[in-house]
Amino acid sequence: MNPALKESRSRREFRNEVYLEYGAADFHDVCCSLVKDHRALLRLMFGTDERLRDGSFRIYAVFSIPGQDRFLIPVLQLGDKESSFPSITSEVPAAQWYEREISDMFGLSPEGHPDTRRLVFHEAFPAGSHPLRKDWSITDEEKAVWGEGRKINVPHPFMEVAGEGIVQIPVGPVHAGVIEPGHFRFSAIGETIFFLEPRLFYTHKGTEKHFESFGFSDGVRLAERVSGTDSFSHGVAYCMAVERMMGIEITEKAAAVRTLGMELERLYNHIGDIGFLCAGTALAVGYAKGAVIREELQCLNERLTGSRYLRGVNAVGGVTTDMLEHADDLLRTLDSVTVEYKSMMKLLLSSVSHVERLENTGKLSRDIAARLGVTGVAARASGLADDVRKSHPHLLYDRMIFEAHTLEKGDVLARMLIRGEEAECSISMVHELLESSYRGGLTVAVKRPEAYASALGYVESPRGSLFYWVMSDKEGKPFRVKLRTPSYCNWPAVPFAVHGNIVPDFPLCNKSFNLSYSGCDR
Amino acid sequence: MLKEILKNLITRKRTITFPTGFPIEPGQTVKLVDIQGKLDTIFKRSLRIRMVDAGSCNACEWECQALMNPFYDLQRLGIDFVASPRHADVLLVSGPVSRQMELALKKTYFATPEPRRVVACGDCAVNGGIYRGSYAVTDGVANVIPVDAIIPGCPPTPSAIMLGIAQLMNKDVK
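Protein chains in written order, with my numbering: chain Y, 8 to 529; chain F, 13 to 186.
Treat the hints as calculated values from the structure; they're not laboratory data.
Don't take each hint at face value.
[To be verified] Below, computed lysine-lysine pairings styled on DSS-like, alpha-carbon distance capped at 30 Å:
#1 Y:K349 <-> F:K118
#2 Y:K150 <-> F:K119
#3 F:K119 <-> Y:K158
#4 Y:K216 <-> Y:K484
#5 Y:K141 <-> Y:K484
#6 F:K118 <-> Y:K158
#7 Y:K454 <-> Y:K353
Being a predicted model, the structure only gives us computed values, none of them experimental.
Looking at chain Y on its own, in the form it has when it is part of the complex:
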């Protein structure tokens, strides 16, 4: 069914992607009406510098309407001289970071955005410098100043919370644990967190720009290194986008191997996360148990693929190893893992001190989760049944039996339970996958993409929905690679979840979301 939308200047359909080009005012209205009237989800939003092609910048906003396997993509075309576009953040809060990033990367400012500070770059990055513009360059001197980090080129103040009894607690970017860097500014009243402002993007590595220096086939290696524990998901999503753009179909066997890898990745992540939560409540036994199961699964990964993070399996056009050949090893390990996992869950859920810490901690309401476009485990724990495996079936997910589990409460315990349910689902899906045999070889031949062809790739990674959008240039090289990780959607929700909790519970809340800094910062 087509939602009644304004007439677009031009309309292009490609597989399940519908591109609709609009002028500035219409673009704003269409995006807002999609969310308000059709309950559409904003999946990602990004800019491109297509001045080499037809002298214009474009802004794409990818929406999907629940119940339809289709992406509606309003496109805003901006002329060479234009430097702003109408912001949709006031009506669609999920767009807040995307718009600020477009402003950082392209110098196109969102007009009417409530927060005009930079997002990705900190103070010392030169003003008026926008890396994703095709004619951009940076001098070594500017780089040195940026790295020094002391000069303030563009002020980036923290939001002030003033009042009697409010103390500011700065934490990071180097943290006490063996974790990634990020700065947190707590405004606390006694022990209670009144406001939290995270400053991220310390690990910004210019990945999207860096993709342009690789070929499409080589880019898989970079995609796998965007976020360590989501390596396989990134590989699949990137390959899927490139394959769709080139117009090639992978074999049934390759799809089966990818589905298997996805579920194995989900399994070691979810079980590891459940165990890791125990580090936040000082339950050493649970932590050790979780770590042991995770280690067993990662050793299994190494035996199957030679990499503990399932790297090197995906390639554009298929897969390099047939993991299904090791069915015996897989089943044996999974059987022992299932037994250990069940005993761990029993132990955790019967430990009153543990469950008591998790219950009612870090509550994220359904309303805020929906507005901010939260995805993955965090969304499902807050009652939003969003799972790309269900809503946009890909690989072999259309023939698998599984549920998108949801809980209503949205606290740390709910997120842990969702992980548990999904881990069990993954185990049964691996069994299901190993029951049948699949046609075809491992890879198919790669084609040269057409000039300025583009396509989306998407998977449900252990953290949530993950999107890639790729576009090729005239020579068939990457022109623009946009990637949107689940962590990028979920970080803005963390301050809402920790509001009203005590500072010592922050690590617990943070672990329950299990967000990747590197995936968010890229």
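Given the coordinates of chain Y, assemble chain F onto it according to the supplied hints.
Frame of chain Y; chain F shown alone:
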């Protein structure tokens, strides 16, 4: 919980038997006994490591995290990860050092008391790895602070990290 502990005491159940070494590549093994001997003499049975992520993809951190699980159990050798650089003998740095982490890494380095050692952990930390040449990275830890030992691998396996720490000790013997 109590039941679990009692059961383990009575049955003397061991989840994993500790091996004396871990393989890295065929024909190459990290011998824990060697490491132990050196640790006892050089570091008086206590080596404290501060892990600094300078823009890695998080895989290196998880491998270091894995070193503390019951399989590898690094703590039994007297090696442990500490929460502050002021408590550390060794800085273990991962990632290609993104520009926005450069200052934080330098500050951490100067906060570590001398004699301090720096180990670059993972391909990115060694020379920028796959991110080499990107505008937002410095192509390796050595471009920011002096490095004493390197651990290649993307990510290095937990046993490779152990080997890297052993390397560092060998260097100090000479």
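Against the structure, the hints:
1. Y:K349 <-> F:K118: violated (45 Å)
2. Y:K150 <-> F:K119: Status holds; Cα separation ~18 Å.
3. F:K119 <-> Y:K158: holds (16 Å)
4. Y:K216 <-> Y:K484: holds (13 Å)
5. Y:K141 <-> Y:K484: holds (14 Å)
6. F:K118 <-> Y:K158: holds (16 Å)
7. Y:K454 <-> Y:K353: violated (51 Å)
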